[in-house]
Amino acid sequence: MKFRRQTFAAVLAAGAFCMAAAGAHAQSKVKVGFMLPYTGTYAALGNAIENGFRLYVQEQGGKLGGREVEYFKVDDESEPSKAVDNMNKLVKRDNVDVVVGTVHSGVVMAMAKVAKDTNTLLVVPNAGAGAVTGPMCAPNIFRSSFSNWQPGYAMGKVAGEKGAKKVVTITWKYAAGDESVEGFREGLKSAGGDVVKELTLPFPNVEFQALLTEIAATKPDAVYAFFAGGGAVKFVKDYAAAGLNKTIPLYGPGFLTDGTLEAQGAAAQGMLTTLHYADGLDVPKDKAFRADYTKTYKSAPDVYAVQGYDAAQMLGAGLLAVKGDVSKRNDLIAAMEKAHIDSPRGAFTLSKAHNPVQDIYLRKVVGNENHVEGVAVKALADPARGCKM
Amino acid sequence: MDLAVFLVQCLNAVQYGLLLFLVASGLTLIFGILGVINLAHGSFYMIGAYLAYALAPWAAAHLGGGFFTALLIGLVLSVAFGYVLEWAFVSYLYHRDHLQQVLMTYGLILVFEELRSILAGDDVHGVPPPSWLAGSIPLGHVMTYPVYRLFMSGVCVVVALGLYAIIARTRLGMAIRAGASNREMVQALGVDIRFLYRIVFAAGVALAVLAGMIAAPVSSVYPGMGNQVLIVSFVVVVIGGIGSIRGALVASLLVGFVDTFGNVLIPQVAGVLVYVLMAAVLLWRPEGLFRAG
Amino acid sequence: MPGDVLLRALDVTRRFGGLVAVDRVSITLVRNEVHAVIGTNGAGKSTLVNMLAGELAPTQGRVQLNGRDVTRWPQPRRARAGLGRTYQRTTIFPRASVFENCRLAAQAKSQYPFDWWTRAAHCHESSHRAERAIEQAGLAGQTQRLAGTLSHGQKRQLEIAMCLATGPHVLLLDEPLAGMGPEETERMLLLLSTLKPAHAILLVEHDMDAVFRIADHITVMVNGGVIASGDPDAIRVNADVQAAYLGESEAVGTA
Amino acid sequence: MKHRHRTDSAVAPLGLALVALAVFPFLGGQFYVDLVQTTMILSIFALSLELLVGTTGLVSFGHAAFFGIAAYATALLSPQADAPSLAWLLPAVLAATALAAAVIGAFSLRTRGVYFIMVTLAFAQMAYYVFHDTKLAGGSDGIYLYVKPVLAIGNFTLLDLASAHTFYYATLCALVAVYMLLALVKRSRFGHALAGIRANEQRMRAAGYSTYPYKLAAFVLAGTLAGVAGFLQAVKDGFVNPEMLAWHQSGAVLLMVILGGIGSLRGAVVGAFLFVLLKELFQSEALFGGFARHWQLPLGLTIIACVALMPNGVVAMPARLRRMRTPVPHAG
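Residue numbers (our numbering), protein chains in the order written: chain A, 1 to 389; chain B, 1 to 293; chain C, 1 to 255; chain D, 1 to 332.
Just so you know, not all the hints are guaranteed correct.
Here are the simulated DSS-like pairs of lysine-lysine, each with C-alpha atoms no more than 25 Å apart in a straight line [what the hints assert, rightly or not]:
| no. | chain 1 | residue 1 | chain 2 | residue 2 |
| --- | --- | --- | --- | --- |
| 1 | D | 148 | A | 31 |
| 2 | A | 116 | D | 148 |
| 3 | A | 197 | D | 135 |
| 4 | C | 155 | C | 109 |
| 5 | A | 197 | A | 246 |
| 6 | D | 279 | A | 189 |
| 7 | A | 364 | A | 338 |
| 8 | A | 338 | A | 328 |
| 9 | D | 135 | A | 116 |
| 10 | A | 328 | A | 298 |
| 11 | A | 197 | D | 148 |
| 12 | A | 166 | A | 116 |
| 13 | D | 279 | A | 388 |
Everything labelled a hint here was simulated from the structure, so no lab data went into it.
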């Protein structure tokens, strides 16, 4: 008796695996795989990106390059150690034609690796890891967002032009922070200033008080901060609560204030940040996009939605050129490379390394908006160091 | 570092340490007296923060009160919540080994985190401090110190004194102290041990929720905020000695100082400092600084 | 043979903070002799045994085993050198059979920790020794039973069997009669008398009748110190001992 | 007789599982083959922890450290351009991991119980921050492994892990090897001594076992075997990230061991497969539609239910059911 029941259990378990293995095989649609965070800290970003992407496809009548689009979704959990498996889920199980993702830099590094190994088309709709369009660059890897370097560089330039000579930077000790600070330093140096102190704290600690005291003691001309999500909110609020915003201007890339202004409240008012998107842009495309998005999703779009939307545009441009025939990979890629993307952020093109060459706006926090102040750097391209393409 | 900066940093360290104490004290109570490793403790902190976020506007609109009304409601809710949770889940864990406690409370983390996502969404939200605490005190030339932070420290000190008074002076406290070492003695004191456990668990939950609520205006509320607190609270509890409130206080302050000065003086290794501290303390005293008993 | 000094403690002292748990106690264990240590609760008997066994380092004083100074030896090393002990609270492996309990104890003599190929059950040396110990301790009929299902008396016997399985010369027995009924006590005393010829036995015990029946030498401890030491007859009439025990009963009476 | 019966009933499902794993690549799609391979690697990882938790009674909450250290060692030791030889890479990686385990174990084992849990966590967190915060190996973004190792004699390639099929079977072999090694260890004198330490360390010391070296040996062996899993994971993914050492990774593997059932090797493997299977199930949009994004909720509830209903893990379930079926004979 015992023997039979255990055997039965083993068969059942094996069967369950096999059953799950049988997937659908329809070939008529373009298969798009979203590998985005749907749980955890970045869940809201993942949703916005997916919404943006779907919005563009919807505007095209549910088609890209004349073919209907079928979606596949995987929650990447912002977990790099599972990223390869999650990516394979889309690439090998669902046999998607293109993967769109993701937010977390560490995860995107793994995705780029799989995309390279399996020659899968990958469009990165957020993560700014320099390596993706640097050493890891490849013909089949595109980015619709930014590199960490870009907003940093622009902010450095602006800070320098505003007369900041000694600047203190503060960030979590991780790659994205390092890259952003590096960009800022380059920009600042080109405008005559320099970074006098680099403050860091371990990711994802949010106890900033000690470092704020350190800033107060250093008395720099300005502070450049790189944080995201809850950390960004807390930092901006702590900075204001410590009274530092009255004497030392706080600069940062747009992520410091994007999507978090409601939470930051009065603390963020008047802050200057740089990003490739802003509120109040005088771009017709943006006005239409915002109206559509708000109507469709009953919530206002943000920069992540724009990046998702543009990912769809880039892909659409490629598919259009090959009339939806994804097997003509080279033509598809060539068309994407040459595309002029009519983005809500303003039109942009792609660099050789497949990163947007875009205007970086200087924005000022007014009420609940990151209102555009002007263009910090026009058509800024990432240096794409280490890219051999 | 000149003297003024040094003193301000000390203030920062104490202030951070006190907040840690608030979370860790509940954990050490549950751990020491009930013998339950409660991984879901960070979730209670998160629940507290979201309660503050949800209740403050509601209390303002319907009851005319602000932050403090919300705080009071939150505390009542959390005690009730802790009581029910003990009855529904935790009470099964007393005669199970630590591993099963870890497993079940890990399951609870997942459940709480998803319920949070379903009920409150995944966005970051701010919680405004009460207006009369929103000001700040000048500190040196450049810096000011927010009054609210001082208020937080005040609450923590009051809670610490309150806990001390309860444990040292009252019959319940005697039962709690006895419970940590000897169950029969508790029964001899005429206290129903099941009731005692339920109360202690509810109190532990309430402490974490309180910490979350009063930290919310400073930290804002966001997904995953509980997990961060969890690990450092465990570090505090273990350094202090499991079940010892006094140990938790000393350890919190110790961690506060190490973290504060580590970030400033040796940022290269700031991430590991707290863990080095824990390992060092345990190698020196394998059962923490203060053994409960 | 009789007269061999196997274990000797010289002026061992143990302090816990300000408290002196054991105060300059000297004791000598001789083969073919049962040396009982009696005393009130908290007199330091268990602390003394722990120091002899090596579980606790003495603050001062020396311990000699077979004439060698073992003060700095940890417990396992002393055990391998022939020092066996039992505990007041039974320390058997309740989920294993009686045989495996003893076999595992016996295996300490032939550990071979890195021979991962041979099954433990095929270690003949330890099996053999375990069988002998089980027989000696009077558990021959119970070999395959789970230790946890034994009666209290049998568990105490097993505790001694596990001790014997390691082939010790010196036995430190911490209250082996605790909680036993009269019949079980008789059996245990019989067992001790059969072990006596080959072993030096230290017996910590509260059952005075049993102690005076079996002991060859008695040491009386009060508050960590020795107040009397000698053969049973001498102890019986010792004024200090009477005072100490009378004092205790008085204290109990008034509490 | 009783013993024989137990062995038979354990061998049959094991053999069947082995056959199922061996034929799986011919049945399942590429993704599922990959998934099963990952799960086998996790099984090795869980098995290594089982030696500590189940056999020796040492609950380590930092076991991911060795998984990660081995993965990093693999990535750092592999040359950029040409394929490293398995013959030296694997031993080197395992030696490095064993060394780390010896150092961490030597310190951690001075404490016990809950304190041991926390000290192992502390050391794992230290290792995590070493890889996360320093430029030693790519920092928080991780490091790539470009070429998969091969095993060759002269010009004849015995084993090329770049081939998915070969690698799958190499992983299966590793799983079987680790399983058998641990089965041997558990029935050897060493294993019995470890079980004795778990049941009552005081008695073991009184009997003459120096328990510290035993525990350290178990710790090093467990760490090294976790290193086997880390090595395979690194080679398979070609990418190593600090998150491999994170505390929730240590927690996850502990979960697998407990879920499957403490104290049995089968339990660790069953736990690993069950954990992966449950996650795949709850994440499936085909079954749960839009609710699939809240997959952690049913997973959490399942875990809670498991603790409530199966206190001894999944592998103890058949026996438990049987006991419920057979009415307990009343005495007298």
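Structure-based check of all given hints:
1. Between residue 148/D and residue 31/A the alpha-carbon distance is near 30 Å, which puts this suggested pair outside the 25 Å criterion.
2. A threshold of 25 Å between alpha carbons decides the hint, and for residue 116/A with residue 148/D the separation of about 15 Å falls inside it, so the pair holds.
3. A distance of roughly 19 Å separates the Cα atoms of residue 197/A and residue 135/D; the hinted pair therefore holds under the 25 Å criterion.
4. Note on residue 155/C and residue 109/C: the hinted pairing holds, with a Cα-Cα distance of about 23 Å set against a maximum of 25 Å.
5. Distance restraint check for residue 197/A and residue 246/A: the Cα-Cα separation of roughly 20 Å lies within the 25 Å cut-off, and the hinted pair is therefore satisfied.
6. A distance of roughly 50 Å separates the Cα atoms of residue 279/D and residue 189/A; the hinted pair therefore is violated under the 25 Å criterion.
7. This hinted pair does not check out: residue 364/A and residue 338/A have alpha carbons roughly 33 Å apart, beyond 25 Å.
8. For the proposed pair residue 338/A and residue 328/A, the alpha carbon gap of about 16 Å is at most 25 Å, so the pair holds.
9. Of the pairs offered as hints, the one joining residue 135/D and residue 116/A holds, with about 24 Å between alpha carbons and a cut-off of 25 Å not exceeded.
10. A threshold of 25 Å between alpha carbons decides the hint, and for residue 328/A with residue 298/A the separation of about 38 Å lies outside it, so the pair is violated.
11. With a C-alpha separation of about 42 Å, the suggested pairing of residue 197/A with residue 148/D is violated against the 25 Å cut-off.
12. With a C-alpha separation of about 42 Å, the suggested pair residue 166/A and residue 116/A falls outside the 25 Å cut-off, and the hint is violated.
13. Distance restraint check for residue 279/D and residue 388/A: the Cα-Cα separation of roughly 39 Å exceeds the 25 Å cut-off, and the hinted pair is therefore not satisfied.
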